[in-house]
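Colleague: So the protein sequences, as listed, match chains A and B.
Our numbering puts the first sequence at residues 1 to 480.
Our numbering puts the second sequence at residues 1001 to 1210.
No lab work stands behind these hints, which were simulated from the structure alone.
Owing to the predicted nature of the structure, the values given are computational and were not obtained by experimental measurement.
Fair warning: there could be bad hints in the mix.
What the hints assert, rightly or not - Stretches of chain A that chain B covers, calculated by requiring three or more beta carbons in the stretch to come under 8 angstroms of a beta carbon on chain B:
(1) 46-53
(2) 72-84
(3) 266-280
Stated by the list, open to error - Cβ pair distances, simulated, as ranges:
(4) A:Ile314 with B:Asn1080: 16 to 26 angstroms
(5) A:Ala432 with B:Pro1122: 39 to 49 angstroms
(6) A:Tyr384 with B:Pro1183: 24 to 34 angstroms
(7) B:Ser1030 with A:Gly151: 21 to 31 angstroms
Note that CB positions come from ideal geometry on N, CA and C, so glycine has one too.
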Amino acid sequence: MWSQGIANVLRKRASNAVALVTLLALAGFSSTAAAVPSFARQTGQNCVACHAGGQYPELTPYGRYFKLTGYTIGERAMPLSGMAVASLVKTSSTNDPNGDRYADFPKDGNLIFQTASLFLAGKVSDNVGGFAQFTYGNYDTQSATDSHWKGRSMSDNFDLRYADHLIDSNRDLIFGATLNNNPTVQDVWNSVPAWGYNVVPGSSGPGITPLLAGGLAQNVAGAGGYLFWNKTLYAELSSYRTADGIWSFMSQGFDTNLGNQQILKGNNPYWRIALSHDWGAHNAMIGAFGMAADVYPDATQPSGSTTRYRDTGIDAQYQYLLDPHVVTVQGSYIHERIHWADSIANQPGAYDAANGTALQALTNTSDTLDMLRLKASYVYQAKYGGSLSYFDVRGSNNSQYQTAVAQNDPLSPSVSGSRSSNPGTSAWTAEAFWLPVQYARVGVQYTWFTRFNGASSNYDGWGRSAKDNNTLFLYVWGAY
Amino acid sequence: MRHTLFFVAAISASLLVGCSSIERSRNLASPEVSGKTLAEQVCSSCHGLTGNSESPNFPKLAGQQRDYLLAQLTQFRSHNRADPAGFEYMWGLSRSLSDKQIGELASYYAASAPTSGPAGNPQMISAGEKIFNGGVSDKGVPACASCHGPKGEGAAAFPRLAGQHADYLIKQLLVFQRTNERPEGSVMKTVAHGLSADDIQAVASFAQQM
């Protein structure tokens, strides 16, 4: 009975976490960094020099060089920049038979001020530079009592680096070190999780993703070294740990007591390798990356058995850059093996109140999760652009994701429910955007969900379909 | 504690090693940094180490006339050259360059060995060769060779055209023909006035493979 009680607590926590993640994705909150006009002031160049077709944050070969050499090109300038996003989300169906539709979709159809960020970005010395983003999320969490949203200020992406470049007729070697708070945020290609997809704050995306795809963002502090040889071979090795103690400046606003910071055991390695080639107006990259992370199942009690995540990814990018045309294509595939901590594995499954039965006997000891992401975009004259992207999340039937089927339980709303326990979610997103000036972008996205939490129809056990989550998303994104 | 020490050591090492070398500086505001260093550490990222750029978005500078390079960098710095590629990329980079640095940069690229570009459509090249060497008499277009040299090597303020990216040449001919964004090349406005789109394509294709 005692273990049943613990299992219920854990299951509720797991389903709450899934509900939160899914709701955040649906409600339109995702952390991202982007345009940093203070870098433009430092080099004196327009955004298009570093950002392909001006569509920040995607980098041109020169933008990659700027980042790899530690953000040090140019002359020291006022390092402060700001960014703000206003947006409107309209969800296809806000009907929720198993929850509170007003609590689940409180912002639906309303034009809102989404987020604002402050950047501290620029060169420090000839070899040292970086950027630090601080974000205010206007719709961060909902009050448990009246569903009102509360704002929160928090650390966002951070990357401080040292770099040097040895170049003459015999050699071309860039090498450096990075200190950052989000695995892949230090990368210079836009096919990795931190920079490739859902880059507009508030875009729709997958709810359940491999840990490496943002699961540790602003929770961790990592340091590593990298080299880029002959503009061809890139290699990096880094190590991540919990951003606490003196590293907590990178995780402000994230706290185990708020339930938004995970605690890692020890140092957790991250690696990256890539091959790059430029020819004429074209350039391409193929690469691989991975991470092994051990996470305590209960962040408030970081001891004992950990959940072990082993993520491996492959990615590729192609760009054609010749004024006035910019074509870019990115893709990545991440495979994750999860070995659940002892306290999570082999626990009683979720409960089906309607039938008075358990949906699964015992939870799994290990699971797999795979995520494919693809994106293609075109920009004309750095003013008019469009993109089409796709994601497909698959994995083993994973009892940790399963939500109880219980009527009128606001903790298990239909929108984030999963009757099958399968994480399978896939969607297409089409986007059109306009850059009236280089520091502002106005866009519209539409996302079609073909599968959600394991099914195309009745994924929650109460009749909600994947297409009910289709979203129309309008945004105005400005920076200075 | 051990982990903390690891990170502190990593950062300290980074910042300490950060005692920078003037030979590898990317600082565009310091007159102490030589033109050669700027060419290697900054310009090479788009124009290539030897000035033979890979992307046609950026002109080849290798073997370019020193006087022409001096004039262009000076015109970028003073904002007199205002074609989009010029102000988007070059105004900022040139804003704090000293005359000495500009001179060193011009010498660096003028002394570099130029390469020929790829050959395209033979008919196009043949048509371009006629324009290059003979002009278009019924439209009042003089031969390119008369100022830019029979081998397209250029002369003083007249730039080298041989081996230049065709896409770059086309873009500049259109800037001359349709705008006043390059006042230092105003003579080209008259010269390019009678060129059709096909003529421009042809002559650029010919120059690229020279």
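Colleague: Does the Cβ pair Ser1030 (chain B), Gly151 (chain A) satisfy 21 to 31 angstroms?
Modeller: violated, 43 angstroms
Colleague: A range of 16 to 26 angstroms was offered for this pair. Does it hold for the Cβ distance of Ile314 (chain A) and Asn1080 (chain B)?
Modeller: violated, 49 angstroms
Colleague: Examine the segment 266-280 of chain A: at least three residues should have C-beta closer than 8 angstroms to a C-beta of chain B.
Modeller: n = 5 at 8 angstroms, threshold three: holds.
Colleague: Verify the CB-CB distance for Tyr384 (chain A) and Pro1183 (chain B) against the hinted window 24 to 34 angstroms.
Modeller: Given a distance of about 30 angstroms, which is inside 24 to 34 angstroms, the answer is holds.
Colleague: Ala432 (chain A) and Pro1122 (chain B), beta-carbon distance inside 39 to 49 angstroms?
Modeller: Given range 39 to 49 angstroms: holds, Cβ gap about 41 angstroms.
Colleague: Quick check: do three or more residues in the segment 46-53 of chain A have a beta carbon closer than 8 angstroms to a beta carbon of chain B?
Modeller: It holds: at least three residues are needed, and the segment 46-53 of chain A offers 3 whose Cβ sits within less than 8 angstroms of chain B.
Colleague: Just to make sure I understand the rule, a stretch counts as covered if three or more of its residues have a C-beta closer than 8 angstroms to a C-beta of the chain. Does the segment 72-84 of chain A meet that for chain B?
Modeller: Per the Cβ count (5), the hint holds.
The structure shown violates the earlier hints numbered 4 and 7.
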